[in-house]
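Asks: Quick note, the sequences are listed as chains Z and A, same order.
By the count of this note's numbering, the first sequence reaches residue 219 at its end, each step adding exactly one.
By the count of this note's numbering, the second sequence reaches residue 219 at its end, each step adding exactly one.
Bear in mind the hints are in silico, worked out from the structure with no lab data behind them.
Just so you know, these numbers come straight off a predicted model, no measurement behind them.
The C-beta atom is built at its ideal place from N, Cα and C for all residues, glycine as well.
Hints are not guaranteed to be accurate.
Claimed, not checked - Simulated pairs of lysine-lysine, PhoX-like, Cα-Cα distance not exceeding 25 Å:
| # | chain 1 | residue 1 | chain 2 | residue 2 |
| --- | --- | --- | --- | --- |
| 1 | A | LYS197 | A | LYS158 |
| 2 | Z | LYS197 | A | LYS158 |
| 3 | Z | LYS197 | Z | LYS158 |
| 4 | Z | LYS158 | A | LYS197 |
What the hints assert, rightly or not - Here are the in silico distance ranges between beta carbons for each label pair:
| # | chain 1 | residue 1 | chain 2 | residue 2 | range |
| --- | --- | --- | --- | --- | --- |
| 5 | Z | TRP116 | A | ASN112 | 16 to 24 Å |
| 6 | A | ASN156 | Z | TYR219 | 39 to 47 Å |
| 7 | Z | PRO208 | A | PRO214 | 36 to 44 Å |
| 8 | Z | GLY140 | A | PRO152 | 42 to 50 Å |
| 9 | A | TRP155 | Z | TRP116 | 39 to 47 Å |
| 10 | Z | ARG114 | A | ARG139 | 40 to 48 Å |
| 11 | Z | GLY180 | A | ALA210 | 18 to 26 Å |
| 12 | A | ALA210 | Z | GLY140 | 19 to 27 Å |
| 13 | A | GLY193 | Z | THR179 | 38 to 46 Å |
Protein chains: 2
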Amino acid sequence: MTKNGERMVQQFWDLANQRQWPEFSALLHPAIVYLVPQTRERVRGREGFVNFFSTWPGAWNAKVDIQIADNARAVTTIDFEDETGTVTGISFFEFTNGLISKIVDYWPEPYTPPARVSPFVERY
Amino acid sequence: MTKNGERMVQQFWDLANQRQWPEFSALLHPAIVYLVPQTRERVRGREGFVNFFSTWPGAWNAKVDIQIADNARAVTTIDFEDETGTVTGISFFEFTNGLISKIVDYWPEPYTPPARVSPFVERY
Numbered sequence: 096m097t098k099n100g101e102r103m104v105q106q107f108w109d110l111a112n113q114r115q116w117p118e119f120s121a122l123l124h125p126a127i128v129y130l131v132p133q134t135r136e137r138v139r140g141r142e143g144f145v146n147f148f149s150t151w152p153g154a155w156n157a158k159v160d161i162q163i164a165d166n167a168r169a170v171t172t173i174d175f176e177d178e179t180g181t182v183t184g185i186s187f188f189e190f191t192n193g194l195i196s197k198i199v200d201y202w203p204e205p206y207t208p209p210a211r212v213s214p215f216v217e218r219y
Numbered sequence: 096m097t098k099n100g101e102r103m104v105q106q107f108w109d110l111a112n113q114r115q116w117p118e119f120s121a122l123l124h125p126a127i128v129y130l131v132p133q134t135r136e137r138v139r140g141r142e143g144f145v146n147f148f149s150t151w152p153g154a155w156n157a158k159v160d161i162q163i164a165d166n167a168r169a170v171t172t173i174d175f176e177d178e179t180g181t182v183t184g185i186s187f188f189e190f191t192n193g194l195i196s197k198i199v200d201y202w203p204e205p206y207t208p209p210a211r212v213s214p215f216v217e218r219y
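Can you build the whole structure from these sequences, using the hints too?
Replies: In structure tokens, the structure reads:
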């Protein structure tokens, strides 16, 4: 069963990178919910989510690492590359009846670290 | 095997919340590497990581959701609460020989969403 979730999220990103939206849509549950907690944005339903993703501006590509996956859930991290640079995306997937039924996306930005108490913290 | 990873990360957060640092330390591989990609901070080794975590200032508590876990990896999200408020943390764990050998932490901050092309995006 582990393989199913892995294959599902690999296909999700491959088809998005290839802009194969009908095939992409076939991976999604009709009642999919997409959330971005950092902005409190939400998209409900397969039609809306495909519209949201397929209208994303720019010549972007996602380089994918599948972090962990089973038959119910998966987590991927991506390097999302476009003409303005590269950002990291973290996506939590949930599956229902073999379809992607929920995605929660995070986009953590670089920031300047605070002063640290511990002397063991290095920069790389 | 799935249960091992789940139990490991549950114990990691429970023992940290309880400040039981010797027991906490026993979960960690001697050569553990801790990374914060957003700040490019790194801590190497069990002694350093326990020092870093145990000297974290303030009266904090982590409310944990184990997102997914197997015998090699796990991902948790936390509500990290202290006197200044609550922030979200995302932690990727790797296990080696039954010990936590790598942790990669992200701290995604709220931000104002850009203008969206799609009419299907709501705020919640």
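Asks: Compare the structure with each hint and give your call.
Replies: Here's how the hints hold up against the structure:
The suggested pairing of LYS197(A) with LYS158(A) holds, with an alpha-carbon distance near 21 Å, which does not exceed 25 Å. Note on LYS197(Z) and LYS158(A): the hinted pairing holds, with a Cα-Cα distance of about 22 Å set against a maximum of 25 Å. Among the hinted pairs, LYS197(Z) with LYS158(Z) is consistent with the structure: their alpha-carbon atoms are about 21 Å apart, no more than 25 Å. With a C-alpha separation of about 22 Å, the suggested pair LYS158(Z) and LYS197(A) falls inside the 25 Å cut-off, and the hint holds.
TRP116(Z) and ASN112(A) have their C-beta atoms about 45 Å apart, which leaves the hinted 16 to 24 Å range violated. Between ASN156(A) and TYR219(Z) the Cβ separation comes to about 29 Å, which falls outside the hinted range of 39 to 47 Å. At roughly 39 Å, the beta carbons of PRO208(Z) and PRO214(A) sit within the given window of 36 to 44 Å. Checked against the hint of 42 to 50 Å, the C-beta distance between GLY140(Z) and PRO152(A) comes to roughly 44 Å, which is consistent with it.
Separation of TRP155(A) from TRP116(Z) is about 44 Å and conforms to the stated range, judged on CB atoms against 39 to 47 Å. Restraint check, ARG114(Z) to ARG139(A): a C-beta distance of roughly 42 Å satisfies the suggested window 40 to 48 Å. The hinted window of 18 to 26 Å between GLY180(Z) and ALA210(A) holds, with their beta carbons roughly 19 Å apart. Here the CB-CB span from ALA210(A) to GLY140(Z) is close to 21 Å, well matched to the stated 19 to 27 Å.
Here the CB-CB span from GLY193(A) to THR179(Z) is close to 43 Å, well matched to the stated 38 to 46 Å.
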